[in-house]
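S.K.: Based on these hints, arrange chain B on the given structure of chain A.
For the record, the sequence lines run as chains A and B. Numbering-wise, the first sequence is residues 12 to 451 according to the numbering used here. Numbering-wise, the second sequence is residues 12 to 451 according to the numbering used here.
A portion of the hints provided could be inaccurate.
One copy or two, either will do: identical chains are not told apart, so a pair holds if it fits within one copy or between any two.
Stated by the list, open to error - Mimicking SDA-like on lysine to any residue, the simulated pairs with C-alpha atoms at most 20 angstroms apart in a straight line are:
| # | residue 1 | residue 2 |
| --- | --- | --- |
| 1 | LYS271 | SER165 |
| 2 | LYS271 | ARG14 |
| 3 | LYS271 | ASP166 |
| 4 | LYS271 | ASN235 |
| 5 | LYS354 | GLY267 |
| 6 | LYS271 | THR169 |
| 7 | LYS354 | ASP171 |
| 8 | LYS271 | PHE161 |
| 9 | LYS354 | GLY385 |
| 10 | LYS271 | ARG162 |
| 11 | LYS212 | ASP40 |
| 12 | LYS212 | ASP238 |
It should be emphasised that the hints constitute simulated quantities derived from the structure, not laboratory data.
There are 2 protein chains.
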Amino acid sequence: MARIVALETEDVRFPTARGRIGSDAMNPDPDYSAVYITLRTDDPTVPEGHALVFTIGRGNEVQTAAVRTLSNLVVGRDVAALLDDLGGFARELTGDSPLRWLGPEKGVMHMAVGGVVNAAWDLAARHAGLPLWRFIAGLPPERIVAAIDFRYLSDALTPDDALAILRRAQSGREQRTAELLERGYPAYTTSPGWLGYSDEKLAALARQAVADGFRTIKLKVGGNIADDMRRLRLARAAVGEDIAIAVDANQRWDVGSAIKWIRALAPCRPAWVEEPTSPDDVLGHAAIRAAVAPVPISTGEHTHNRVMFKQLLQARAVDLLHIDAARVGGVNENLAILLLAAKFGVQVFPHAGGVGLCEMVQHLAMADFVAISGSMEDRAIEYIDHLHEHFADPVRIRNGRYLAPTEPGFSTEMREASLREHAFPDGPAWRHEPRQILSR
Amino acid sequence: MARIVALETEDVRFPTARGRIGSDAMNPDPDYSAVYITLRTDDPTVPEGHALVFTIGRGNEVQTAAVRTLSNLVVGRDVAALLDDLGGFARELTGDSPLRWLGPEKGVMHMAVGGVVNAAWDLAARHAGLPLWRFIAGLPPERIVAAIDFRYLSDALTPDDALAILRRAQSGREQRTAELLERGYPAYTTSPGWLGYSDEKLAALARQAVADGFRTIKLKVGGNIADDMRRLRLARAAVGEDIAIAVDANQRWDVGSAIKWIRALAPCRPAWVEEPTSPDDVLGHAAIRAAVAPVPISTGEHTHNRVMFKQLLQARAVDLLHIDAARVGGVNENLAILLLAAKFGVQVFPHAGGVGLCEMVQHLAMADFVAISGSMEDRAIEYIDHLHEHFADPVRIRNGRYLAPTEPGFSTEMREASLREHAFPDGPAWRHEPRQILSR
Chain A
12 MARIVALETE DVRFPTARGR IGSDAMNPDP DYSAVYITLR TDDPTVPEGH ALVFTIGRGN
72 EVQTAAVRTL SNLVVGRDVA ALLDDLGGFA RELTGDSPLR WLGPEKGVMH MAVGGVVNAA
132 WDLAARHAGL PLWRFIAGLP PERIVAAIDF RYLSDALTPD DALAILRRAQ SGREQRTAEL
192 LERGYPAYTT SPGWLGYSDE KLAALARQAV ADGFRTIKLK VGGNIADDMR RLRLARAAVG
252 EDIAIAVDAN QRWDVGSAIK WIRALAPCRP AWVEEPTSPD DVLGHAAIRA AVAPVPISTG
312 EHTHNRVMFK QLLQARAVDL LHIDAARVGG VNENLAILLL AAKFGVQVFP HAGGVGLCEM
372 VQHLAMADFV AISGSMEDRA IEYIDHLHEH FADPVRIRNG RYLAPTEPGF STEMREASLR
432 EHAFPDGPAW RHEPRQILSR
Chain B
12 MARIVALETE DVRFPTARGR IGSDAMNPDP DYSAVYITLR TDDPTVPEGH ALVFTIGRGN
72 EVQTAAVRTL SNLVVGRDVA ALLDDLGGFA RELTGDSPLR WLGPEKGVMH MAVGGVVNAA
132 WDLAARHAGL PLWRFIAGLP PERIVAAIDF RYLSDALTPD DALAILRRAQ SGREQRTAEL
192 LERGYPAYTT SPGWLGYSDE KLAALARQAV ADGFRTIKLK VGGNIADDMR RLRLARAAVG
252 EDIAIAVDAN QRWDVGSAIK WIRALAPCRP AWVEEPTSPD DVLGHAAIRA AVAPVPISTG
312 EHTHNRVMFK QLLQARAVDL LHIDAARVGG VNENLAILLL AAKFGVQVFP HAGGVGLCEM
372 VQHLAMADFV AISGSMEDRA IEYIDHLHEH FADPVRIRNG RYLAPTEPGF STEMREASLR
432 EHAFPDGPAW RHEPRQILSR
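With the rest of the complex left out, here is chain A (with noise of 0.2 angstroms):
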C-alpha cells in the first residue's frame, strides 16, 4: 500500500524583470516565480506529483508557507485512496476550517490548495500512464461529477446538470481525441504586447507571430489612451484585417473610466477587452458590457473561485472567460468552471504564460474540448513563448497552435538544472542580483 511520504516546496524565481518581460499596465516589473510543488509517494514506479503556484516574484516565500502548512493534512495518505476520491482530497483541503478562515476559498491559500490538488491530479495521470487531458477526457461522468464541489453552485448548476452536459459529450469522444492529437488546439499569443515594448518591438513581433501562425494576438492597454490607439493601429498595419486584436487592461479602470476609454478604442475592433476593472467587480463588468456592447468583455485570470464565475455568468457580465490553472482551487475547481461556462453557453480562453501556466491549462482546455464542452475552433489559448525550456515536457506550439501532450501527467514537471539555477535566493541566476533585490 503505497503512501504519500512528502510535500516538497522550491521557491523558483527567473529574473524576467530586467527584460520588462510581462509587463503590463498594473505590473511594471514582474520577476516570473513559482512554488514548485513535489507530492512524494513511496511508490517506485511512480514516485511523484507536480504542480506550480505561479507568483510575480516578492511574496513567493509567503505562497511557499501557505502550500507547506498544507503538509499535515496530505502526508501519510494512501495513494490509492487519495487518486481514488480526488474530489473528496480537494474538499478536505478547501474545507480545513482553521485554513478556510484565511480566504475562504481566495488568495494565498487558495492558491495553495489548488497547487497540491494539481500535484495529486498529475500524480493519478501519471498512475494511469496518461497525459491528464486524456486521464480527465476518459473518466466516465460520474467520476468527474464526483469531484467537483458543488457547494454554492446549486442555484446556477446542480450534479444533474453536469452529469447532462458531459454525458451530451461522451459522443464523437474518440474523434475529438484523434482531432486533437492530429491539428492541436488554437493558440493566440501575448508575445508583442507587452506595455514595456517599443513601438518597433511590437509591429515586428506582431508580424511575426502571424508569420508562425497565429490568427489572434493580445496587447496591454491602459497605461494611456493615445499610446493604446497608436499601438493598436501600428498592429493592425502589421497584421492585416483578417486576425484579431485581443486587448488587456489588467484591472487598470474604474467602471466609468473603462466605458469612457473601450469606447474610445472601439474603432479598432478588439477582439474582446479583456479585465477591464477589479476582478472582484461582477457587477462593474456587468454595467461596462451593457455600455460599450456589441464590444466583447472578458475576466478571469484573476477570478478567485467558483462562486466569481457563477456570478460573472449569472450577470451576463461577460461575453467570454478565462481560465488559469494556479488560481483557483485545483483542476476540480476549473473543472466546476468549465461546466459552469457551457451550461451558459459562454466560451473560455484560457489564460496562460508565465512559468509553466502553459504547460498546465492545455491540459484543462483541451479535456474541456474532448469530454465537457466539445468545441474548440472558436476558442483559443493563450501563449507566451518564455521559459518553456525549464520543463521535462514543454508545450509545443506548431502553425499557431498546441501540440497535444502525450507524456504522461499534468506537463508540471521541471528540469532539475532550472530548478537548482533559479532557486531563491541562493542559485546562480541571482548570484549577481544587488542585495536589495534579493531581501526583497
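M.R.: Showing chain B alone in chain A's frame:
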C-alpha cells in the same frame, strides 16, 4: 527625524478549542490566534504601534510570513511623512505589484496589509495622544477622504460624495463625542450562542446576557434545523419578547437551502440572519433576501474588500452589514466601507470576538457615530467576553454598552506576559499539548 526601525511579528495562539468556545456550523474547533504586529520607531516618545491579524489557529504562521514580507516596504520610512499620508501608505502596500498578484486585495496578503496599516493608525493616534476613534473623528473631512482608496468605487461613491457625508456630520460632533464618553456604544452578545454549548448552558447564558443589559443576543445556526428551532425557542423563553435574537449561519447554506431554512426559522422572528451563504455570493444574498423578505439578511465579516461591500449595497443584497477590523486593508478601507454604508443608508453592526477584534472595531464604530453616520442607537457592536485580559487597555462593557476608550491608540497593545505565555509553539500555554497539535 524619526524612522520606522522594525516591523516585528509574533505568532500567538490561545487553546480555545478545548472548551468549544467559538464553535459554529463551519468552525467546530477554533484556537483563537493572531499575528501580533509591532511597528517600531526610533522615537522614544512614541516607540511602537500595534495591531493584530486574527486567525483561528492552523495557518497563523502563513499569515505571519505575509506580514513579514511587508517589512522591506515599511522599515526605514520617515515616521512623520508616513503619519501625514496614511492613505498613500496604504495604497503603496496594497498596490505593490508582486504582492497584489497574491490577491488582489483579498485573503492572507490583504489581511497582512491591513494589519500593518492598522499598526500605523495606532501609531498616529498615539502621536496625537488620542484614542483612535477620537483621532479619526477629529480629522478634517479632507484628510479622511485623502486616506481612502477610491479605486473601483467611483461608480458608487466619489470623493465628493464622501466629503458631503463627512461635512454633514461635522455639526454635532462635540455632542456625540460627549454622548459616547458618557453612555458608550450599544453592544450585542454572541456568548450564549455557540453551537457546541448544551441547551442548559445556552439558556443560562441568554438569561445572564439580559441581566447584564444586552438588548440583542445572537445564536449560531445551520447545523441541524430541528436543533436550531429548539435552541431559538429556548433562547426566546429565556430572554422574553423584548430582546432581539439574531442568528448566524456562518456561510453554511447554498441559496436554495438558505431560503428553505430561513423560512422555517422566520416564525422565531430573527433580528437578522447573518452569513447565510458564501461571502463572495453577492447575487446569492440578493436572491435569498428577496425570497425571505421581510427577514433581514446580513453579511460582511468575511467580505474581503470595499469592491465586494460596494456590490452588496448596489445589489440591495443585505439589510445590514458587518465590518471586521482585521479582514480588509485596515482602517482606511473600513472608512471607505462605512462611507459606502452611509451613502446607501444601511446600518453597520461590527463583527467582533476572537482576539483583539472587540478592542479594535469599537474605535471604528465610534468614529462612524461621531464623524460619518451620526447614528448608534439603531446599531450595535458584537461583544464576546473572552480573551480581553490579555490587552493593556481592554474593552470595558457596562450595562450592555461598550464604554468609549480614553487611552491613546487603537487598544491593540497586548500584555507582555500574555504574549510570552501564548507564543506558538513554544509558549507555556502549549507546553502540555500533544505533539500532533503543535505540528498542525
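S.K.: Look at each hint and say if it fits the structure.
M.R.: We went through each hint and held it up to the structure:
1. LYS271 <-> SER165: For LYS271 and SER165, only the inter-copy Cα distance (14 angstroms) is at most 20 angstroms; the intra-copy one is 37 angstroms.
2. LYS271 <-> ARG14: neither (57 angstroms within a copy, 43 angstroms between copies)
3. LYS271 <-> ASP166: between (34 angstroms within a copy, 13 angstroms between copies)
4. LYS271 <-> ASN235: Within. Shortest intra-copy distance 13 angstroms satisfies the 20 angstroms Cα cut-off; inter-copy 51 angstroms does not.
5. LYS354 <-> GLY267: between (31 angstroms within a copy, 19 angstroms between copies)
6. LYS271 <-> THR169: between (39 angstroms within a copy, 17 angstroms between copies)
7. LYS354 <-> ASP171: Intra 12 angstroms, inter 42 angstroms, cutoff 20 angstroms: intra-copy only.
8. LYS271 <-> PHE161: Between. Shortest inter-copy distance 18 angstroms satisfies the 20 angstroms Cα cut-off; intra-copy 38 angstroms does not.
9. LYS354 <-> GLY385: Cα proximity of LYS354 and GLY385: one copy only (12 angstroms, versus 47 angstroms across).
10. LYS271 <-> ARG162: between (38 angstroms within a copy, 16 angstroms between copies)
11. LYS212 <-> ASP40: The answer is within: 18 angstroms in one copy meets 20 angstroms, while 57 angstroms across copies does not.
12. LYS212 <-> ASP238: within (15 angstroms within a copy, 68 angstroms between copies)
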